[in-house]
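Engineer: Once you have looked at the hints, place chain G on chain W.
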Amino acid sequence: MSPRRERREEFTSYYGRPILKEPTWEALDIAGYIFAGGLAGASSILAAGAQHSGRPGLERTAKLTALTAISASVVALVHDLGRPERFVNMLRVAKPTSPMSVGSWILSAYGPLAGASAAANVLGIFPRAGKAAGIGAGITGSAIATYTAVLIGDTAVPTWHDAHGRLPFVFASSAAASAGGVAAALAPLDEGAPARRMAVVGAAVETALSVAMERSGHLSAETFLRGKAGRLLRLSKAFTVGGAVGLALGGRSSRVVSTLGGLAVAAGSALLRFGVFEAGRASTLDPKYVVVPQRERLAAGRPASAEAGKERAAVDAGAGKATGTTTAGHAAEANTTHAGEAQPA
Amino acid sequence: MSVTQLGMPSLGVPRKGFFTDTSLCIGCKACEVACKEWNSVPADTNLEITGESFDNTSALGANTWRHVAFIEKQVPAQDPSAHDGVKWLMSSDVCKHCTNAACLDVCPTGALFRTEHGTVVVQQDVCNGCGYCVSACPYGVIDQRKGDGRAFKCTMCYDRLEAGEEPACAKACPTKSIQYGELDELRERADARLAELKERGEEGAQLYGRDPDNGVGGDGAFFLLLDEPETYGLPPDPVVTTRDLPAMWKRAGGAAAGLLAGAALVFWGAKK
Numbered sequence: 002m003s004p005r006r007e008r009r010e011e012f013t014s015y016y017g018r019p020i021l022k023e024p025t026w027e028a029l030d031i032a033g034y035i036f037a038g039g040l041a042g043a044s045s046i047l048a049a050g051a052q053h054s055g056r057p058g059l060e061r062t063a064k065l066t067a068l069t070a071i072s073a074s075v076v077a078l079v080h081d082l083g084r085p086e087r088f089v090n091m092l093r094v095a096k097p098t099s100p101m102s103v104g105s106w107i108l109s110a111y112g113p114l115a116g117a118s119a120a121a122n123v124l125g126i127f128p129r130a131g132k133a134a135g136i137g138a139g140i141t142g143s144a145i146a147t148y149t150a151v152l153i154g155d156t157a158v159p160t161w162h163d164a165h166g167r168l169p170f171v172f173a174s175s176a177a178a179s180a181g182g183v184a185a186a187l188a189p190l191d192e193g194a195p196a197r198r199m200a201v202v203g204a205a206v207e208t209a210l211s212v213a214m215e216r217s218g219h220l221s222a223e224t225f226l227r228g229k230a231g232r233l234l235r236l237s238k239a240f241t242v243g244g245a246v247g248l249a250l251g252g253r254s255s256r257v258v259s260t261l262g263g264l265a266v267a268a269g270s271a272l273l274r275f276g277v278f279e280a281g282r283a284s285t286l287d288p289k290y291v292v293v294p295q296r297e298r299l300a301a302g303r304p305a306s307a308e309a310g311k312e313r314a315a316v317d318a319g320a321g322k323a324t325g326t327t328t329a330g331h332a333a334e335a336n337t338t339h340a341g342e343a344q345p346a
Numbered sequence: 569m570s571v572t573q574l575g576m577p578s579l580g581v582p583r584k585g586f587f588t589d590t591s592l593c594i595g596c597k598a599c600e601v602a603c604k605e606w607n608s609v610p611a612d613t614n615l616e617i618t619g620e621s622f623d624n625t626s627a628l629g630a631n632t633w634r635h636v637a638f639i640e641k642q643v644p645a646q647d648p649s650a651h652d653g654v655k656w657l658m659s660s661d662v663c664k665h666c667t668n669a670a671c672l673d674v675c676p677t678g679a680l681f682r683t684e685h686g687t688v689v690v691q692q693d694v695c696n697g698c699g700y701c702v703s704a705c706p707y708g709v710i711d712q713r714k715g716d717g718r719a720f721k722c723t724m725c726y727d728r729l730e731a732g733e734e735p736a737c738a739k740a741c742p743t744k745s746i747q748y749g750e751l752d753e754l755r756e757r758a759d760a761r762l763a764e765l766k767e768r769g770e771e772g773a774q775l776y777g778r779d780p781d782n783g784v785g786g787d788g789a790f791f792l793l794l795d796e797p798e799t800y801g802l803p804p805d806p807v808v809t810t811r812d813l814p815a816m817w818k819r820a821g822g823a824a825a826g827l828l829a830g831a832a833l834v835f836w837g838a839k840k
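Protein chains in written order, with the working numbering: chain W, 2 to 346; chain G, 569 to 840.
Isolated chain G (complex conformation):
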């Protein structure tokens, strides 16, 4: 573990997480609604119709902590006389609660912290709205709330977890597309489910964020997707920016030393 990353401390208890199996998602948006209700997340002011299938929230943000994506994928007809078909892809996206969380690393106030469940949460009484986490997140999850100024994102229902309850979205999901539990156990479950889908001939099925060796050290919320990640608006191979921070400090040190040395040279030969 590098000094420039906070990573995952030893929790003493199993790390909690989400496994979102998008092959089970029916696009009902109960997760979005339950999340808004439980966490008192305000509505975005404009009721907009985006024209993007049934998706009118478009992306995760300060006021959308679960976002259901709708993709209408053209399936070319086998028989030239028949019409092309449409394949539905639906997926409920959420904060990934990364092992190496860039938002957590770069937060200058300590407002973002790692909870005892292994999740990443913003302390709203500390956040001063600097916006650094917003630009650091490789998934584009956390954002600044307009009119409030502070940064907001999914807390994995920190308060419910404290009371031994599961998060509101998982509780509300009618198909168990959203599963909450101990991360190790969820990973086993996901592996079994992937094998089952592969056997059934789901060529595109893949786990996203499950690998503890990925660019963020494994995601606390990971997914089973039926297509490539970018189809769902997810980065295909994200990397936590703070991985390169030691190199950056070294370069900055070199530049600062060069600046001092250059200035000394400027005076060395200057005529009085």
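Chain W extracted, bound-state conformation:
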């Protein structure tokens, strides 16, 4: 905790009780799902690269990793429901207003593609269709790895919502690090160069972006540094940085270093998701993360109503333009039309 961030808040509450409800989600299910989804999605991207650059060992490893991870993540998702037998109700509507609905449909597209490309590869059947499925899995995989940031950002949970601008990039880089790490650990050494590079670059970006997220200046960001979340995130950085340094220095020449370094980077990525999850939970338990920022906003003369008025004025001024913006936002679900918006992740 830097002294700069320490604020002395005085605020009123109702017997110190939380205003928000604690997330009903289990850490193992949902943080685990976000990690496994990221691992699967980025592994599919890695597999697509491997299948088109003549690296059959890396291709098979990444495709099997993707299938295993996405299967585990679907199990975790269903397990977390209050009524697991009603899982298919997720597919009775398609709602762009609900990231969980959008995610369910992305998952429905991605899962079969990842499964088909892995099956074709392992069984040696339909090679051309298998590769096409591999490309599809890579593209939809980029959505699987990033939509989860929108999923948790689109809540009233202070830490998650306040981080919504950075979280997609943190998750994307962390997904790349984990996929690169697992592939570096499991793929043949002489084919593993792209995996190691993905792990090292992903780990570097993940570390830089998560530090930026933790120092964003939002009051809620202090939950990243305290308690269980703080411990998880410090451990995450130790694994991520340690593994990446190992991979960069000795990954090319040593099987042992490549395996341990890769697994350490992947573990760091998993710990990051659990840390972010716990930070969000902590921010719902203390009413100060709700009251203090809202009071500060009101004191600064920027109530929510002012924003609403501005928004409406913007919509009134250019209805077509506003709609266009939103539509572009939705196209992101498919993630095929956004190359122009690529940010230095």
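Treat the hints as calculated values from the structure; they're not laboratory data. Heads up, some of the hints might be wrong.
Claimed, not checked - One side only, chain G facing chain W, incomplete, derived with CB under 8 Å:
no.	residue
1	697
2	702
3	782
4	798
5	805
6	826
7	827
As the list claims (entries may be wrong) - Going by beta-carbon spacing under 8 Å, a handful of chain G positions derived as facing chain W:
no.	residue
8	596
9	678
10	704
11	759
12	760
13	763
14	830
15	831
Ideal placement from N, C-alpha and C gives every residue a C-beta, glycine not left out.
Structural biologist: Chain G in isolation, oriented as in the chain W frame:
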């Protein structure tokens, strides 16, 4: 209206709502009891004494759809030789039935829906207990029922409204602290009541959730409070999270594109 918010469709009939005038609340909890009875809301298992004045339900939740808050506010004595006084604040809280309802927006199954009265209700035969609405609500109203797994909250007595009756809590309220009716009319009534209280010197009196321009586009259930909202456990200036959803999708699209581009670069220069 953004594509990322469902908002309020045109109903064709006046929108219904609650106006809870806490200056009239006597803390009898008849609303809590009537709500439980009419809606067959189960008791929470433990009978707990919280030590928080006369409040032993503490918060709204899956099994508490009306919650009466009790605040004992110290009033410093004017005369130093006299004892400090206590001012009682009591307020019956309820689901706000927001115009831009985050729970409704994020529900992935369509279990939450906007009724013909303009209220927000969970269809219990559809809800699969994903819990997304619980984390989306900026007021901390809706929750998952333990042992059942589904999400529950106030329905504004949907069944009674269908029969032309008023909700059970409003019917049971002995002081007309809870008023049910057409929202526009309730807002006028609330404005008049606020002016009356201000005239009487109630400095802290304020309307909460009445403004159609607030962060949730106006609350279908709004309040007249005698102190700041957070004193009653209410967020002072909540915002519906889905307002930022277009920006979030854009960032996620950028991140996904960056991930694909980064992966391509990784292969570009990699030695075979």
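Engineer: So which of those numbered hints doesn't the model satisfy?
Structural biologist: 8, 11, 12, 13
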